[in-house]
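Protein chains: 2
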Amino acid sequence: MSTALKTDTSKSSTTKDLILASALKIVSVHGIEGLTIGELAKSVGMSKSGLFAHFAAKDQLQLEVLKRATQHFVDVVMRPAFKAPRGEPRLIQMTENWFSYLNEESSLPGGSILIAASVELDDRPGSLRDFVQQAQRDLISNVSRATQMAIDEGHFKAGLDVDQFAWSIYSFVLGYHHFKRMLNDPKAETFYKHSMEKLMEAARKDNVNASSK
Amino acid sequence: MSTALKTDTSKSSTTKDLILASALKIVSVHGIEGLTIGELAKSVGMSKSGLFAHFAAKDQLQLEVLKRATQHFVDVVMRPAFKAPRGEPRLIQMTENWFSYLNEESSLPGGSILIAASVELDDRPGSLRDFVQQAQRDLISNVSRATQMAIDEGHFKAGLDVDQFAWSIYSFVLGYHHFKRMLNDPKAETFYKHSMEKLMEAARKDNVNASSK
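First to last, the sequence lines map onto chains V and Y. Per the numbering used here: the first sequence ends with 239, consecutive numbering throughout. Per the numbering used here: the second sequence ends with 239, consecutive numbering throughout.
Heads up, a few of these hints could be off.
As the list makes no split between identical chains, a pair holds if one copy fits it or if it spans any two.
What the hints assert, rightly or not - Below, simulated DMTMM-like cross-link-like pairs (lysine to aspartate or glutamate); rule was C-alpha separation at most 25 Å, straight line:
hint: 1; residue 1: Lys84; residue 2: Asp178
hint: 2; residue 1: Lys183; residue 2: Glu227
hint: 3; residue 1: Lys93; residue 2: Asp211
hint: 4; residue 1: Lys224; residue 2: Asp189
hint: 5; residue 1: Lys224; residue 2: Asp178
hint: 6; residue 1: Lys68; residue 2: Asp101
hint: 7; residue 1: Lys109; residue 2: Glu179
hint: 8; residue 1: Lys74; residue 2: Asp189
hint: 9; residue 1: Lys231; residue 2: Glu130
hint: 10; residue 1: Lys224; residue 2: Glu90
hint: 11; residue 1: Lys183; residue 2: Glu90
hint: 12; residue 1: Lys183; residue 2: Glu59
hint: 13; residue 1: Lys213; residue 2: Asp156
hint: 14; residue 1: Lys231; residue 2: Asp149
hint: 15; residue 1: Lys183; residue 2: Glu215
hint: 16; residue 1: Lys213; residue 2: Asp187
hint: 17; residue 1: Lys213; residue 2: Glu227
hint: 18; residue 1: Lys213; residue 2: Asp178
hint: 19; residue 1: Lys51; residue 2: Glu114
hint: 20; residue 1: Lys224; residue 2: Asp156
hint: 21; residue 1: Lys224; residue 2: Asp149
hint: 22; residue 1: Lys74; residue 2: Asp187
hint: 23; residue 1: Lys213; residue 2: Asp189
hint: 24; residue 1: Lys213; residue 2: Glu59
hint: 25; residue 1: Lys51; residue 2: Glu179
hint: 26; residue 1: Lys109; residue 2: Asp189
Just so you know, these hints were derived from the structure itself, not from any lab.
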């Protein structure tokens, strides 16, 4: 957690949680640059100066929102997957959790904050972009490492390019988000699940036999 | 073309072209909602009222920018691909053109306008979203139809799900854009090309033999 939280009492933490929950909704619709102190104050029913008691500046608030969104992703996608057995079961659990997360995120008015923030920030150097970039690199490394475990466990064939595999998973995640949110395509779920299945199938040790069945 | 262009003389069309070229650059960085008449006027060295002689209102300007970006995509990705022979060669040409387009778009300060507009507009009902949504559906239908031709020509196996195939292509496009622009990953190109190759390979009529080689 940010060092800025060190002096929080539990009461101000709760208030902060409420503020961040409102901020997440605003960012979900208007983007990270569209988060204004004025609109946020209105949505939580506080004065602007009341808000500033919790966040020193707008960029600190923006960073906290991105940290919160990232932490939520870790809590609902990555951490529960680590309870599944190492190897393919864990990877499958990860993609299933990710799918649920994308649908849950869709219940936020504007969809995935992290995907939107990537598009918004990719050309804006600074601490917000650095944070999102690092968070996504960590995430992709986690997928690569989980893939390597599937090789080590003998589920996937040796020599599989684990980074290529992680890239494919991430591409399908982006595809699902796009087809569901932008195109409102009723087949988005089928496409996502089928592509993930084929990806796992091609990575399996016995894939030559499987594909000639 | 828009009916608003009907009364254009060639001179005002040229001015309009210059305005739209500047507008594209602004949108590429600040998004479609970040396009202000004031900033655009400054960047083309015109007065606001001079701009309004060409565009009746901001939303008309935004729509023209999206139309221009879409037309550019059609001109550099789709149209040249239709010169390649029907079937797999045309599909491969399409993905290669798309790759070049993404790199060219990256030379715009903020990357692909159409991808950014999708994320920005997905939760904002209205004529801009409708336009982008329809343009993307048309695009994906074109890819599906080109895939169907590859089946008809005997290049791809019968029974291949052409919509699933088109979805995979689109997912890899999104993946490439993301890994290159947001993550600045030097392996993005290799990932993209390898995934496209594997996708074509799996779709080929003789893929069972190919995979057991």
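Hints versus structure:
1. Lys84 - Asp178: neither (46 Å within a copy, 57 Å between copies)
2. Lys183 - Glu227: both (11 Å within a copy, 19 Å between copies)
3. Lys93 - Asp211: between (30 Å within a copy, 22 Å between copies)
4. Lys224 - Asp189: both (17 Å within a copy, 15 Å between copies)
5. Lys224 - Asp178: both (20 Å within a copy, 24 Å between copies)
6. Lys68 - Asp101: The answer is neither: 29 Å in one copy and 46 Å across copies each exceed 25 Å.
7. Lys109 - Glu179: within (16 Å within a copy, 48 Å between copies)
8. Lys74 - Asp189: Neither way: Lys74 and Asp189 sit 45 Å apart in one copy and 50 Å across, limit 25 Å.
9. Lys231 - Glu130: neither (34 Å within a copy, 39 Å between copies)
10. Lys224 - Glu90: Neither: 38 Å inside a chain and 40 Å across chains, both beyond 25 Å.
11. Lys183 - Glu90: neither (41 Å within a copy, 51 Å between copies)
12. Lys183 - Glu59: Result: close neither inside a copy nor across copies, 44 Å intra and 48 Å inter.
13. Lys213 - Asp156: between (35 Å within a copy, 19 Å between copies)
14. Lys231 - Asp149: neither (41 Å within a copy, 43 Å between copies)
15. Lys183 - Glu215: between (27 Å within a copy, 24 Å between copies)
16. Lys213 - Asp187: between (29 Å within a copy, 12 Å between copies)
17. Lys213 - Glu227: Classified as both; 21 Å inside a copy, 24 Å across copies.
18. Lys213 - Asp178: between (35 Å within a copy, 24 Å between copies)
19. Lys51 - Glu114: neither (35 Å within a copy, 44 Å between copies)
20. Lys224 - Asp156: neither (34 Å within a copy, 33 Å between copies)
21. Lys224 - Asp149: neither (34 Å within a copy, 31 Å between copies)
22. Lys74 - Asp187: neither (51 Å within a copy, 54 Å between copies)
23. Lys213 - Asp189: between (27 Å within a copy, 9 Å between copies)
24. Lys213 - Glu59: neither (32 Å within a copy, 30 Å between copies)
25. Lys51 - Glu179: neither (41 Å within a copy, 50 Å between copies)
26. Lys109 - Asp189: within (22 Å within a copy, 35 Å between copies)
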